[in-house]
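In order, the protein sequence lines correspond to chains A and B. Take the first sequence: its position 148, counting from 1, is numbered 148 in the numbering used here, and each next residue is one higher. Add 1000 to a position in the second sequence, counting from 1, and you land on the number used in the numbering used here.
Simulated from the structure, these hints should not be mistaken for lab results. Accuracy of the hints is not assured; some may be wrong.
[As the list claims (entries may be wrong)] Computed Cβ-Cβ distance ranges for the label pairs, DEER-style:
#1 Glu1043(B) <-> His217(A): 51 to 59 Å
#2 Gly49(A) <-> Thr1025(B): 39 to 47 Å
#3 Gly69(A) <-> Leu1057(B): 53 to 61 Å
#4 Ala1101(B) <-> Lys80(A): 51 to 59 Å
#5 Leu1192(B) <-> Thr63(A): 51 to 59 Å
Each residue gets a CB set at the ideal place from its N, CA and C atoms; glycine is no exception.
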Amino acid sequence: MVASAGFGQAAASWRARSTQGSGRASMTGWLFVLPQLVLVAALVLLPLGRVIYLSFMQYDGFTDPVFIGLQNYLDLIVWKDFQRQVLNTFLLVLALPLWVLLPFTLAALSHDHPRKAWLRFFFLLPGILPAVVVGMIFRMVLSDRGPANELLRALGLPGVPWLSNDPLVLATVALVIAWGMMGSGVMFYSAGLSALPRERVEAAILDGANWWDLVRHIYWPATIPVTRFWSMILVLATVTTFYPWIVGLTRGGPGIASSTIDHAVFLAGMGSSRLGLAAAMAVVGVLAIIVILGLVTQLSPKERG
Amino acid sequence: MEGAPLFGRWTRLAITLASVLAVCTVIFPLIFVIRVALRPEAEYLGDPTGLLGGVTLENFALAWQNGIGRGIVNSLIVILPACIIASTLSTLAGYGLAKQAIPYKGVAQLVLASVMVLPLASLGMPIFEQALSWGYLDNQFGLSVVYGVLFSAWASFFMASYFSSLPDDLIEAAHIDGATKLDVFVRIAVPLAFPAIASTLVINLFVMWSELIIAIMFLPSAELQTVAATLAQFNEQRRSGGPVLAAAMLLDVLPVIIAFALAQRWLKAEVFGGGVKS
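Whenever a hint applies, use it, and build me the whole structure from the sequences.
In structure tokens, the structure reads:
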């Protein structure tokens, strides 16, 4: 998730995009942008167009595609497995407060701590591990005879079926993703907090504020822009980039209890002989993003100032 | 560090305790995996959670021979050119977007922004189909180009935001001296933007290193596969985990950690400093 750092910069610049430019408007300026746009059109947009085309076809990869209208989409809607995967995606979004509050709390804890640099090093550590590896680490740690359960048993508690119980596995996925996303979150919140003038904090303490007051009345309000941006990244990630964690952690199991929309698209693209149906799934993945972006821009409060 | 402590003793103690707890939840799983990777397989099978006992490096050798070594080499072969392609495209485009008054700029921005949010999972199958029919499937440089293009979109916005902070006077002065647009770009803009270009290189290195679906689909031959794809299939063979899998995971992560350690100093300043102010 280190990418989201750059994504943040990119989003910021998109918002505050520069209208300046030297010289008069001219077509020669396009030459700078053209190489990228041509390659994007050829290698990204063209395939995307093809996947939309195929989503209306019956196609197995060998014989010629046959037009079947919306049949692939209708098949998807009534397909129980896919319904479950959509439901799982929505259930996972419910973990958003955890994914936001955990990095915020850690950043607040390490802010102004004498061992700040060390704490942040450890908090950032999960962020640089590839998602598949994070999933695989916890597949080991949370397995039936893994250290987490052995620890519980040593304390006289029963073991927990982290990865094998149907509804529980979703909570496990949410927790593991909280661990995996924590690094990037701490990074953003730390950057947000470091912009806070120390005098304001000191003044509040002179007025008798305790740590909890600081967190509620100064740290949290000061990082609202971070929260807004980070929540958007998280919601987008839920529909687009969760599959590596799921591939590493549960492979969607037990059954499809922890499979999400993007994991379904991932599986369908790789191993299906019904490429038309797989294409329809891919299109649904893209549509989900458009809907969510639309909702986020409609719902998020207009920025002041 | 920064003057007198802000809080009383008990608050500080509570903060420290909470921090230590958090640090433990971070390092406990990592220590466990490192320990498993160093255990002889027979001992692990007898007692999967034991922390004591023998120490061996044999698991790393086995993991390396069973595809991880080849995967790391392949990843480097694919990713290094891909990072260079992405940074070249995005430096050019970022400069164009920030410093050139070009008509229909909004169209270019919209196209790049949409590539940035497209789900990779949805692109895997169509990119595979196209590579198959155009004949660049199972070709490592083909994957380099695809990665380079896919991961250049966000970098263009990143570079545009960097270039737009450069004063216009600098560029206009050069133009008055008779330099062409390309001259100004190569001799003035690129050298000034070097830290930002390096940031895009490193971030793309991280992202591409762990990319899964396009790597799996694009390079079906086992000899060509990247380390991320190899590791994901390693998991298939040894589903419950074990010392060799743990060693394979650590080998996969090692180059990332080395790159992070090398880049950390200026990554922090360049990328994470100004990005989230609003």
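Consistency of the hints with the structure:
no.: 1; hint: Glu1043(B) <-> His217(A): 51 to 59 Å; result: holds (54 Å)
no.: 2; hint: Gly49(A) <-> Thr1025(B): 39 to 47 Å; result: holds (46 Å)
no.: 3; hint: Gly69(A) <-> Leu1057(B): 53 to 61 Å; result: holds (60 Å)
no.: 4; hint: Ala1101(B) <-> Lys80(A): 51 to 59 Å; result: holds (55 Å)
no.: 5; hint: Leu1192(B) <-> Thr63(A): 51 to 59 Å; result: holds (56 Å)
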